[in-house]
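K.L.:
Line by line, the protein sequences are chains A and B. The opening position of the first sequence corresponds to residue 71 in our numbering, with each subsequent residue numbered one higher. The opening position of the second sequence corresponds to residue 919 in our numbering, with each subsequent residue numbered one higher.
Treat the hints as calculated values from the structure; they're not laboratory data. Ideal Cβ placement from N, Cα and C applies to all residues, glycine included. Fair warning: there could be bad hints in the mix.
To be verified - From the structure, some residues in chain B lie toward chain A, with a derived Cβ separation under 8 Å:
1. Phe923
2. Ser924
3. Lys928
4. Gln932
5. Gln951
6. Ile1110
7. Asn1113
8. Ser1114
9. Met1116
10. Leu1120
As the list claims (entries may be wrong) - Among the chain B residues that face chain A by a calculated CB cut under 10 Å, a handful are:
11. Lys939
12. Ile940
13. Pro1108
14. Asp1121
As the list claims (entries may be wrong) - DEER-style ranges, computed between Cβ atoms:
15. A:Ala82 <-> B:Pro985: 49 to 55 Å
16. B:Ala1312 <-> A:Ala82: 52 to 58 Å
17. A:Glu106 <-> B:Gln1463: 50 to 56 Å
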Amino acid sequence: MNNEEILEKLTAIFKDELDNDDLILTNETTAEDIEEWDSLSHIQLIVAIEKAFKIRFTSSEIQSWNNVGEMISSLESK
Amino acid sequence: MYPTFSDLKKLLKQNTEELKKIKVALLGDTATQFLNVALRGSAINAGFTFEIFEADFGQISRQVLDPSSEFYEFEPDYTIIFESSHKLLGSFYKQKDAPLSFAQNKLQHIEELYQTIQSRTKSRVIYCNFPGIDNQVFGNFSHKVESSFVFQQNKINYLLSELAVKKENLFIADLVSIQNKWGRNFMFSPNIYINSEMVLSLDSLPIVAQNIVGIISSLEGKFKKCLILDLDNTTWGGIIGDDGLENIQIGNLGIGKAFSEFQYWVKALQQRGIIIVVCSKNDEDKAKEPFEKHPEMILKLDDIAVFVANWENKADNIRKIQKVLNIGFDSMVFLDDNPFERNLVRENLPEVCVPELPEDPADYLEYLYGLNLFETASFSQNDAERTKQYQEEATRNTASENFTNLEDFLKNLDMISDVQAFNNFSKPRISQLTQRSNQFNLRTIRYTDQEIDDLMKSENYFTLSFTLEDRYGDNGLISAIVLEKLDENSLFIDTWLMSCRVLKRGMEDFTLNKIVELAQENGFKKIIGEFLPSSKNQMVENHYQNLGFNFQEGLWILKMDDYINKEVYINKKNNTHE
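With the sequences and hints as input, model every part of the structure.
P.N.:
If you want it as structure tokens, here you go:
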């Protein structure tokens, strides 16, 4: 799965978990950019992504991301 | 059957104005924001809206012990205390001495919290027990080492249950059983915990929340009372009409063990007071045959309150069952192996709970064990008698058809009522009635055992309870009255409720006669009634009007001077100790 495909899959997850169909994700998107993306929904996103990609993030990874691109890098390394 | 956490969160956007509001305080020693969201979402699914006060985490003792805390200012109806096993283990590691009394000390603290809350509020307390962490320090040998954490943790959970038996307003949210059922790895996500201080996994939150909301719903009078069973491939394996008596699978034949164990479970529910009803597409005589003749059937005809076997559609049959039992559709559970029948009932009667029974009967029980369908807030001996009473009611219905006029029928019933003030024997049944009765209930005030006790001791209240017995059987205690002394002349009817089983027998008239008698003996000049509408009590909307009360400024007044005793066919039981 390449970067674009992952981004597409992530966008669908974000839309569903954050209940916002208009949202657009890029590699540069951060939590600041999306109103619904707070610490509570961040946990929801992690769990949903883990399920969708059938992977487990390490606890350090969860703390490390500064934007969506870094999240995708973690996914690519799995 | 469980929604996801996201589903619950989305529900919160709904307008919930018409739902009953309940104030809930949530005190925890870990992050509880997620539980808060899950609780509010589950509450909406159960028909309530929770207003939640959530203390900052780690504040349990401060909020409870400080009389001027935000917790007391909030005046909760319910207080949920959620302490985590992680923090428990942490404090176990940190303690310097006396690991042997760790559990005792913890329980003393919990009891102190409970007593403090009880002394300052009317809030019921829901305490979460501690799902096990086996830290493996002693391995299996921990059960031989009293000072081990595993030993002390098990002891805390046991002592907590023991405390709940003694304290009437203390209820346990059984997280231990939830973890037993779903597994520790499901309940707990270490990577999330390390990042968020949240000890319940996102996947387990809807289950935990639904369990806690279930406790509250039950205490609010909403719970399941009746189990409706299909027969072929649900209660036994095979089709009685095709396979015949000898070939249905039950007991040792084929996969009969699955059905035998299922029947034992149903029987245990019946003995606990759940009404068991059969609703089957079959000829009645064929459907009844196994109950009468099959040696390995656990369920007998005596266990079934209403038996419906015909070829009509099941939604219509369930409507008929509802009429006989006189309970809400939302208190019924329908089990059927056939997806078509399940969908038909779901579509026509959306309030009936229809579990999606798994395809393999071997999975039935474990699936059902995961749903917590039959949460309850009380248990009394009377519960076990319920089936018999509904069967008697069915006989009575048949008998009434033989009389052309109602008076003759009523006279013929030889009704006797035992009228008493509330006492220690009737207390559990009365508090249960206040929790269960929704339809014939003028003000729908719910009372716990403890509150009933307070009423009994108060000089400002008079109480009356009524039983009703007739030639067909004993209905037990079916009506309760609480009267509040407003001043020397006026008596206010705080509670008037009655079981719908005894409608149309003149019981209301008899009850009023006794209220008036009591009022007159104590020198009151008038009694005052009030109707508080709920979603379920339209039945008694005109109750006071029908009884001859006059409407004045929102209340119903009855003057004692000109009261003429109503004609009834119920006799008061003579008590030797009166």
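K.L.:
Each of the hints needs a verdict: does it hold here or not?
P.N.:
Quick rundown of the hints versus the structure:
no. : hint                               : verdict
1   : Phe923                             : 7 Å, holds
2   : Ser924                             : 6 Å, holds
3   : Lys928                             : 6 Å, holds
4   : Gln932                             : 12 Å, violated
5   : Gln951                             : 6 Å, holds
6   : Ile1110                            : 6 Å, holds
7   : Asn1113                            : 5 Å, holds
8   : Ser1114                            : 6 Å, holds
9   : Met1116                            : 7 Å, holds
10  : Leu1120                            : 5 Å, holds
11  : Lys939                             : 24 Å, violated
12  : Ile940                             : 23 Å, violated
13  : Pro1108                            : 7 Å, holds
14  : Asp1121                            : 7 Å, holds
15  : A:Ala82 <-> B:Pro985: 49 to 55 Å   : 51 Å, holds
16  : B:Ala1312 <-> A:Ala82: 52 to 58 Å  : 56 Å, holds
17  : A:Glu106 <-> B:Gln1463: 50 to 56 Å : 53 Å, holds
Violated hints, listed in ascending order, are 4, 11, 12; each of the other numbered hints is respected by the structure.
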